Structures are given as C-alpha cells and as structure tokens.
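J.: Read off the chains here:
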Amino acid sequence: MELLVFSILAGLALAGAIGVILARNPVYSALGLLLGLSAVAGLFVVLWAEFIAVVQLMVYAGGVLVLFLFVIMLVDLEQRGLDTDAGRIGPQPSPGWRVAAAMLGILFTVFVGALLLQEPAREVPGAGALDAVLRGGGGGGALGNLEHVGQLLYTSYLVPFELASVLLLVAMIGAVVLAHRER
Amino acid sequence: MTGYLPIAVMILIGAGLPLVAFGVSMLLAPRKPEPLKYTSYECGVEPTGGVRERFSIRYYVIAVLFVIFDVETIFLFPWAVRYRVLGWFGFVEMALFIGVLVLGYAYAWKKGALEWA
Amino acid sequence: MPEFEIQVVLPTLVPAAYGLLLLLFTPALRDDRRWLWAVSLGGMALAAFFPAWLLFRAGATGETAGLPGRPMVVMDPLSLWLDLLFAIAGFLALLLVPAYLDRARAHRPEIYPLMLLAVAGMTILVATTNLVMIFLGLEVLSIPLYVMSGLTREREASIEAAFKYFLLGAVAAAFLVYGIALVYAATGHLDLGDVATAAGAVLETGGARAGLLAAGLAMILVAFAFKVGAVPFHFWAPDVYQGAPTPVTAFMAVGTKAAAFGVLLRLLPGTAGAAEALARRWLPVVAALAVATMVGGNLVALVQVRVKRMLAWSSIAHAGYLLLALLAPLAIGARNLLFYLVVYTFMTIGAFAVVSLFQEEEGDDADQLDRFAGLWKRRPLLAIAMGIFMLSLAGIPPMGGFTGKYVIFVTALRTGHPVLAAVMGLAAVVGAAYYLRVITTMFLREPSGELPAGVSVSLAPGLVLAVSAVLTIVLGLAPGLVLGPLGEIASGMIGP
Chain W
1 MELLVFSILA GLALAGAIGV ILARNPVYSA LGLLLGLSAV AGLFVVLWAE FIAVVQLMVY
61 AGGVLVLFLF VIMLVDLEQR GLDTDAGRIG PQPSPGWRVA AAMLGILFTV FVGALLLQEP
121 AREVPGAGAL DAVLRGGGGG GALGNLEHVG QLLYTSYLVP FELASVLLLV AMIGAVVLAH
181 RER
Chain V
1 MTGYLPIAVM ILIGAGLPLV AFGVSMLLAP RKPEPLKYTS YECGVEPTGG VRERFSIRYY
61 VIAVLFVIFD VETIFLFPWA VRYRVLGWFG FVEMALFIGV LVLGYAYAWK KGALEWA
Chain S
1 MPEFEIQVVL PTLVPAAYGL LLLLFTPALR DDRRWLWAVS LGGMALAAFF PAWLLFRAGA
61 TGETAGLPGR PMVVMDPLSL WLDLLFAIAG FLALLLVPAY LDRARAHRPE IYPLMLLAVA
121 GMTILVATTN LVMIFLGLEV LSIPLYVMSG LTREREASIE AAFKYFLLGA VAAAFLVYGI
181 ALVYAATGHL DLGDVATAAG AVLETGGARA GLLAAGLAMI LVAFAFKVGA VPFHFWAPDV
241 YQGAPTPVTA FMAVGTKAAA FGVLLRLLPG TAGAAEALAR RWLPVVAALA VATMVGGNLV
301 ALVQVRVKRM LAWSSIAHAG YLLLALLAPL AIGARNLLFY LVVYTFMTIG AFAVVSLFQE
361 EEGDDADQLD RFAGLWKRRP LLAIAMGIFM LSLAGIPPMG GFTGKYVIFV TALRTGHPVL
421 AAVMGLAAVV GAAYYLRVIT TMFLREPSGE LPAGVSVSLA PGLVLAVSAV LTIVLGLAPG
481 LVLGPLGEIA SGMIGP
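Chains as they are written, first to last, in my numbering: chain W, 1 to 183; chain V, 1 to 117; chain S, 1 to 496.
Since the hints were made in silico from the structure, they are not lab data.
A couple of the hints might just be wrong.
[What the hints assert, rightly or not] So, partial list: chain W residues that the calculated Cβ filter (under 7 Å) puts toward chain V:
1) L67
2) L153
3) V176
4) A179
5) H180
[What the hints assert, rightly or not] Rough simulated footprint, nothing fancy, chain W against chain S, three-plus residues with beta-carbon under 8 Å:
6) 131-141
7) 148-155
Bear in mind that the values here come from a model prediction, so they are computed numbers and not experimental data.
The beta carbon of each residue, even a glycine, is placed where N, CA and C say it ideally should be.
Given the sequences, and given the hints that come with them, work out the whole structure.
T.: Printed below as a string of structure tokens:
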C-alpha cells in the first residue's frame, strides 16, 4: 500500500518536474511545478512528516508559486519572443553540453539514490532528536507531529528560530530596496 | 495513513469530475465550427491586444511580502499547540520573532512599498 | 526551559539589534544620511568592542542554547577573533560608503543596516557547530551582500553583479543543504561533534553510508568553495566584484572569505580529528582546489587591464593560499590561516579603498590601469599607500603579506607538501608581476592624456588608507604581535 502510494506520488512529482523543463509556455512550467510540489507534499505525508507537508503546500504551492506567476507576468514575454519557439533566455548551450549535463545529473541521482536505497535512514544508529520527531508522528507517541516540532523548535532550536525571522526580514528589505521605485 | 483516505478520494473526485465532464462533452457533442461562433457573445466587448497584460513591478514587492508573512504564519502553528507548555518563555520568543518581522513591515510601509497609487 | 547565556550571543546580538533598529529609521532619515552613517559606525564599533572585550577577559569560552551538550551557539577564541575581524572590515568599508554613494548618486541608506546584518550573519557562521545554524548564518550573511551588490541599480553592472551573485549563491546554498541532508542521512546528526563521532564508526564499516557521508561532505565543501571563490567555483567572482559598489566589494572580499574559512576550520579538521580515514579523503580534494585556485587566479589576473577586476582575480588567488593553509595540521594551519586573514583584510580593503577614491572622482570606469599612470606625481601619498598594498599583496618583505605567505609556504614544506609549496611559490611569483605592474605604472609612467583634476582624499577614506597601510607594515615588521596569540588559539583548538 505504502509502496503504491509512494509510486503514484513520485511519478506525479517526476511528471511535474519534467513538465517544468519541457513546457514552452512559462505559465505551463509553473503549473508543472505546482504538480511537482504538491506531489512532494504527498510524499511528506507518506513519511509521516505531516507538518512539513502542510508547510510545503502553504509556502511552496501557495506562496512561492504565486510569486513565480507574478514574475512571469512581470516580464513582457511577447515582446521578447520568449513564449514562442524562437527564443528562450540567453544563448543556447550546445547539444554536447546538454547531454553532458543530463548525464551528470542522472549519474548523480542514481549514485545518491542507490546509496540511500541500500541504507534506509531509519537504520541509522543513535539517530538524533529530529528523527524522534519523525517517528513520534507515526509511532503513535504521546505527542503528535506538530507538537513534537513545536517542542523542539521553541526550546532546543530557539536560536535558529529567531534567526529565521532575521533572515525573513533581510529578504524583505532586499525586495523593497531592489524592486521598489522611489517617487 | 488511512486517515488520509478521504483526502485521496476527494483529490480523485476533484480531478476526475472535469476530466469526465470534458471527455463526455467531447465524445457526445456535435462539432460544427463556424466563424460566427468565435465572436463575442451578445453585448460582449471585442477583445483588443493579448491577454498577457504586463504587471507593474510594484506587485512583486507585495508578493514577496506575502510569501514572507506566509512563512511567518507557518511558525505560529507548532507554537500555538505547545503554548501551554512553553508558557512565558514561548511567549517572549514569539514576541521577538514577530517583533522583528513587524519591524520589517513598518520599514516597508514607511518606504511606501505598500502604496498602490 | 533551556539555559540561555546572553554573553555568548553578544557578538551576534549587537550588530543584529543595531541593524534592526537602524532599519526602522532609514525611511524617516532618508535626507539625513550623515547621521545614519555615524550611528552605523557606532554600531560597528560596538560590534568590534564586545568580541575584543570577551576575548581579552580570561576564559573567553562558552556555549548556549540547544540540546544538552550540543549547543547551537559556541563562543571560543576562534569565533571572537573572527568576529573582531568582521567588525573591523565592516567599519573600514562603512567609512568608504558615503563618498562613493554620493558620487554614484545612489542614496540608499539601507546599506548601513544591511552591512550590520551581514556582519551578524558572519558572526553566526563562525560561532556554531550545528549544521542548521551554519546554513542560516550563511544565508543571513549572503542576502544582505546580494542586495548591497545591486545597490547602485542605476548601473547595469551593479544589477548584473547582484543577479549573478544571487543565482550562484542560491546554487551554493542548494549544495550546502543537500550536503547537510546527506550527512544527516549517513550519521543521523546535525551537530559537528556528533557527526565526527558517528563518521568514525561509519567509515570503519564502510559501505553505502560511508559513500553518503563522503558525498555530503563533498557538497558542503563545494558550497564553501563557491563562497570563497575557489577555482573551479569562482566564475561569479570577477563580475560580482567588478559590478558591486567598491566599498561593498572590499567588505565582501574580506568578510565572506574570513567567515567561510572560519567554518571550514571547524568543519574539515573537526571532522577529520575524529576520523583519520575521512581526512585522507578530503585532503587531496582541498589540495586540488588550492592548486587550481592559486594557479588559475594568478594567471588570469595577469592579463587584466582594470584594477578592480585584477583585484578580484587576485582575491581568488589568495583564496588558494588560504586553502593551502587549511591542509596543514590544525594547530599550525589555523594559526597561519587566521594570520593571513588578518593581513589580507587590511591590504585588500586598502587596495579597494584606492580604487574607490578613483571612482569617486571620475566614475566607475576610472579603475583602468592607465588612469593610475603617474599617480606618484599627482598624489604622492596615495601612490605610496597603493604601493604598500600592492607590495603586500605580492608578498614582498617587509610587508605583512610576505609574512603571511611565508608561514604558509614554510608550513606546507615542512608538513610534507613540497609540491604544493612549490606551486604556491611559482604562483606567487607570477602574481607579483601584476601587482608590480601597478607600481611601475604609478611611479615610472608619465601621466597620460588629459590630466584629471586629481584625486582628493577626504577624512574618512584617508583614515582607511592610513590604518590599512600602517597595519600592513606593522604586521610585516612585527608579526609576532598577532602570530603569538593566534598560535595559542590554534593550539587550543585541538580538543574534543
């Protein structure tokens, strides 16, 4: 059952990813990305990381993707001929480079994938506290997934949490400084 | 994971309905294309130009701000469910977190990044 | 609830809090730039004061937050020294900012809080042993730098710099996160101490998990190779350094490098300390990077006709020397590395300050080497200052740059890397050629074409030049002043 669900979701994620790079129309690319991101959210559910799944949907599918669509709308595609077959961004790499890049990507994926398959993560000895969170959700412990995340994030991971706010703030300033037109 | 079965069923139905509806109409409906059928209906306005209207860059800043506060909201959920345990410590933590972001919000506001005109 | 020691986070808290408060005032005080500048200088001075104060008190160590025994923030002499260095670099760069922005007509007061926040990011990066914190620190440091690179957005080069830096920085961040994930998959830990312990066991048993660990560490190394601009991950550096506002270039050339090498000091030897097998794996990789970087950086710098771009390539070459220092046993390698970073800070900021002065006067294309012709006759003091920086960067005694190169060279020779030492010697000789070309242009060539009104040096940039030049010479004449304490720090680093 788990394998079946995983296969369907992984297939959808792959299909979405392939759609992103193959679609000529950038809006279709963005929709492919939406499919991929949502499927990955499903994969998180299979892994019992429900909180991460919700984050994935809210932030990526809901937020980042909207941003992508905005950017697509910001650029005058027709004027630059980007939504036709004629032109894509920048000079085209030669076919040799494309093949080499694709080979490298596939090789690396197979390499890491093979290693991961041989060594399932749950067999790691003395796994840390984060692992306990993931298990807590599935193992039916006293606390649910969300509670576990909350407990860890707001005690042990307090400093990274506060840092995240600074990081978000810096991103905000960056957007305003670089994109805002002063009058 | 069986708890997610209803959601899976929902997704299947949601994806299936339009597929069935369009599929059936494609199979059953008669097709006789005529130029007149492609004109605006009744008192509709004749379209001019493409649908790809260019947005103002101003919206971009708004969209980025949206994503940032979206992420902020995410952090509130695990905090809220553990609030009783975390107590004042947790309150101060979250106050600092939100305080920093409010600072950014005030900055963007004062800078006029939120103005439409 | 966890114990929290405020003093451990002070070096980060001070610049961060200062930056945040300053940010609040930037929209209101848009027309009162001098005031913002002065306050940010004060913040940077405080950011330098606290690490110095903690450092010179006895027992300047501490750790706080996180799981028991697995702190999120650590404070030790290494982090405090680097914190001090970041704040000094930030202070000197800030001194150059107003004059440059005035000339560029880009009055964006955000540069002041952003500079402070970038310093805060750097201090996080070097004051943690947790991989999550390392990622966050790198981002808090990098994003302000992307923005500052594009601050003079009236110039296309500046936008290009910001865009390139951001894209390649994002790639580096992706490498880092992927690497961290793989390391976690292999060891089940995020704290470097735990990772090192687990790595020992993992490597002993070998198999798939050892492969994952190696892949993960390699990706983390790639991420930092990007950040320090090591060949072949350097291709962003020349355009970014060239396009960014010159004070920002000076700051990031120095600050990012120091921060990234601070992490590498914790990461690579720290992990290897517990697992000799791992050290054997990464040492050849770092050696290869060092050779490629030293040779590549120096050779390409040789043909540059613009001084700013030449300095960018030279900065790549210097990353190569620093990588070489990383290869030595920790106690001596860390000392050499830190000393070189200190010298590098002053000579590099000084050199960029001269470029900045030229650009203030004559626009951004004023860094052509030809413009430096006959500088000796026009502005003797400026020519002497630039001469000092060039001699130091070339590694000619009695400048600080010589001492820095010398200790790295000798250490490489003595610790069984004679070939690498030879490569470094050759690369440095090639490098000397282009630095000396600047000197001959300034001192021997006649001023060509129309003589510009001459470069005027106002108080703040003058201070930068004076401080940098004096310290570059002092570090050359009396290296023991700094080498001694750094040696103690380095020998204290070999611990559990």
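J.: All the hints need checking, so say for each whether the structure fits it.
T.: Hint by hint, here is what the structure shows:
no.: 1; hint: L67; in the structure: holds, 5 Å
no.: 2; hint: L153; in the structure: holds, 6 Å
no.: 3; hint: V176; in the structure: holds, 5 Å
no.: 4; hint: A179; in the structure: holds, 5 Å
no.: 5; hint: H180; in the structure: holds, 5 Å
no.: 6; hint: 131-141; in the structure: holds (count 6)
no.: 7; hint: 148-155; in the structure: holds (count 3)
Checked against the numbered hints listed earlier, the structure breaks none of them; every hint is satisfied.
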